[in-house]
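**Q** Sequence:
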Amino acid sequence: MQVKISDSEFNRLVDFIHDNYGINLSQKRVLIEGRLGNELKNRGYDDYKPFLDMVFSDTSGSEVVNLLNKLTTNHTYFRREPEHYTFMKDVFLPEIKQKNAATKTIYIWSAACSSGEEPYTNEIEMMEFFGADAANWDTKILATDISRKVLAKAQQGVYHQDSMKNLDPKVVKKYFVPLENNCYRVSDELKKRVVFKVFNLMDPIPYKKHPFDLIFCRNVMIYFDTETKNALVNRFYDVIRPGGYLFIGHAESIPRDVTKFEYVKPAIYRRPL
984 MQVKISDSEF NRLVDFIHDN YGINLSQKRV LIEGRLGNEL KNRGYDDYKP FLDMVFSDTS
1044 GSEVVNLLNK LTTNHTYFRR EPEHYTFMKD VFLPEIKQKN AATKTIYIWS AACSSGEEPY
1104 TNEIEMMEFF GADAANWDTK ILATDISRKV LAKAQQGVYH QDSMKNLDPK VVKKYFVPLE
1164 NNCYRVSDEL KKRVVFKVFN LMDPIPYKKH PFDLIFCRNV MIYFDTETKN ALVNRFYDVI
1224 RPGGYLFIGH AESIPRDVTK FEYVKPAIYR RPL
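Using this note's numbering, you'd call the opening residue of the sequence shown number 984 and step up by one each time.
If you're looking for bench data, these hints aren't it; they were derived computationally from the structure. Warning: the hint list may mix true and false statements.
Said to hold, decoys possible - Keeping only pairs whose Cα atoms sit at most 25 Å apart, straight-line, the calculated DSS-like set for lysine-lysine is:
no.: 1; residue 1: K1136; residue 2: K1080
no.: 2; residue 1: K1082; residue 2: K1243
no.: 3; residue 1: K1123; residue 2: K1174
no.: 4; residue 1: K1082; residue 2: K1136
no.: 5; residue 1: K1082; residue 2: K1248
no.: 6; residue 1: K1136; residue 2: K1123
no.: 7; residue 1: K1123; residue 2: K1087
no.: 8; residue 1: K1053; residue 2: K1132
no.: 9; residue 1: K1136; residue 2: K1180
no.: 10; residue 1: K1248; residue 2: K1080
no.: 11; residue 1: K1123; residue 2: K1180
no.: 12; residue 1: K987; residue 2: K1087
no.: 13; residue 1: K1156; residue 2: K1136
no.: 14; residue 1: K1053; residue 2: K1032
no.: 15; residue 1: K1174; residue 2: K1072
no.: 16; residue 1: K1175; residue 2: K1156
no.: 17; residue 1: K1072; residue 2: K1087
no.: 18; residue 1: K1191; residue 2: K1180
no.: 19; residue 1: K1072; residue 2: K1053
no.: 20; residue 1: K1175; residue 2: K1148
no.: 21; residue 1: K1148; residue 2: K1072
no.: 22; residue 1: K1243; residue 2: K1192
no.: 23; residue 1: K1153; residue 2: K1072
no.: 24; residue 1: K1148; residue 2: K1136
no.: 25; residue 1: K1024; residue 2: K1132
no.: 26; residue 1: K1072; residue 2: K1248
no.: 27; residue 1: K1180; residue 2: K1132
no.: 28; residue 1: K1174; residue 2: K1191
no.: 29; residue 1: K1087; residue 2: K1132
no.: 30; residue 1: K1123; residue 2: K1192
no.: 31; residue 1: K1087; residue 2: K1174
no.: 32; residue 1: K987; residue 2: K1011
no.: 33; residue 1: K1080; residue 2: K1175
no.: 34; residue 1: K1148; residue 2: K1174
no.: 35; residue 1: K1148; residue 2: K1132
no.: 36; residue 1: K987; residue 2: K1082
no.: 37; residue 1: K1174; residue 2: K1080
no.: 38; residue 1: K1087; residue 2: K1157
Can you make the complete structure from the sequences, with help from the hints?
**A** Written as structure tokens, this is what we have:
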């Protein structure tokens, strides 16, 4: 029989997650009981109070992040939402090639990168665009997530072929090493161009040495309430260079009256020059 969460423990969990991670679970009671029920049972708890006491008292933070991973969807794959990559190839990269011809630098941040498919896709797109000249460009990507577990998978760089179905076979052959059981490992050349770091999007953004040319933050703001989302978007605005872009998920949008970003097309915004 599924363990039911009391009103007091539900409110305690909802408040803690919102205050510390910006995620709004106030309408997710059924989801919480459905996804955490087995976790309680497997770990020997028959009530939410001692379980949450344990989670919230874990000073490493790993228990909370493990809980978050169970309550949010980490499903991702290479070249997800391909419209972004069409825009990247046709508009963003030609602009950057001209604008940054002297410095040959591109600063891209993949925020909430999960298990790494997104930043590796971004790097592949750049290397394919620049071709033989790619070695002359500094195209390192910053990729962050709150979960050390998914970042460890990203750094390992091993993926099943199912997550690579949107990649051209020539790209797979060029940037991946085949393994057993229909899996592939990201090439060393690709892996060294992505820097993974732990970061909570609710914290002040510390990456201010160079303004970003492009920030990806896709399919994470759907978990935030309006106030939290708007505050994050404004923090992104402050670290994107004039003329730089923000890509969000196609199920997400930013109200035009709460941001200084210009709307370009669905899920693509630009900081004015």
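**Q** Next step is simple, just say for each hint if it's right about the structure.
**A** Hints, one by one, checked against the model:
1. K1136 to K1080: Violated, at about 32 Å.
2. K1082 to K1243: Distance of about 22 Å is within 25 Å: holds.
3. K1123 to K1174: 10 Å, holds
4. K1082 to K1136: Distance of about 35 Å is beyond 25 Å: violated.
5. K1082 to K1248: This hinted pair holds, its Cα atoms lying about 22 Å apart.
6. K1136 to K1123: Cα-Cα ~19 Å, so holds.
7. K1123 to K1087: 11 Å, holds
8. K1053 to K1132: At roughly 12 Å apart (the allowed maximum being 25 Å), K1132 and K1053 satisfy the hint.
9. K1136 to K1180: Since the Cα atoms of K1136 and K1180 sit roughly 13 Å apart, the hinted pair holds (cutoff 25 Å).
10. K1248 to K1080: Status holds; Cα separation ~22 Å.
11. K1123 to K1180: 13 Å, holds
12. K987 to K1087: Cα-Cα ~57 Å, so violated.
13. K1156 to K1136: Holds. K1156 to K1136 sits at ~21 Å (cutoff 25 Å).
14. K1053 to K1032: Since the Cα atoms of K1053 and K1032 sit roughly 18 Å apart, the hinted pair holds (cutoff 25 Å).
15. K1174 to K1072: 21 Å, holds
16. K1175 to K1156: 18 Å, holds
17. K1072 to K1087: 17 Å, holds
18. K1191 to K1180: 15 Å, holds
19. K1072 to K1053: The given pair, whose Cα atoms are some 35 Å apart, is violated under the 25 Å limit.
20. K1175 to K1148: 23 Å, holds
21. K1148 to K1072: Holds, at roughly 19 Å.
22. K1243 to K1192: 22 Å, holds
23. K1153 to K1072: Satisfied, since the Cα-Cα distance of roughly 17 Å is no more than 25 Å.
24. K1148 to K1136: Holds - the C-alpha atoms of K1136 and K1148 are around 19 Å apart, at most 25 Å.
25. K1024 to K1132: Status holds; Cα separation ~22 Å.
26. K1072 to K1248: Roughly 15 Å between the alpha carbons, so the hint for K1072 and K1248 holds.
27. K1180 to K1132: Since the Cα atoms of K1180 and K1132 sit roughly 12 Å apart, the hinted pair holds (cutoff 25 Å).
28. K1174 to K1191: This hinted pair holds, its Cα atoms lying about 23 Å apart.
29. K1087 to K1132: 33 Å, violated
30. K1123 to K1192: Given that 25 Å is the threshold and the Cα spacing comes to 14 Å, the pair holds.
31. K1087 to K1174: With Cα atoms ~20 Å apart, K1087 and K1174 stay inside 25 Å; holds.
32. K987 to K1011: 13 Å, holds
33. K1080 to K1175: 22 Å, holds
34. K1148 to K1174: With a Cα-Cα distance of about 20 Å, the restraint between K1148 and K1174 holds, given a limit of 25 Å.
35. K1148 to K1132: The given pair, whose Cα atoms are some 24 Å apart, holds under the 25 Å limit.
36. K987 to K1082: Roughly 57 Å separates the two Cα atoms, so the pair is violated.
37. K1174 to K1080: With a Cα-Cα distance of about 23 Å, the restraint between K1174 and K1080 holds, given a limit of 25 Å.
38. K1087 to K1157: 23 Å, holds
Of the hints listed earlier, those the structure fails to meet are numbers 1, 4, 12, 19, 29, 36, in rising order.
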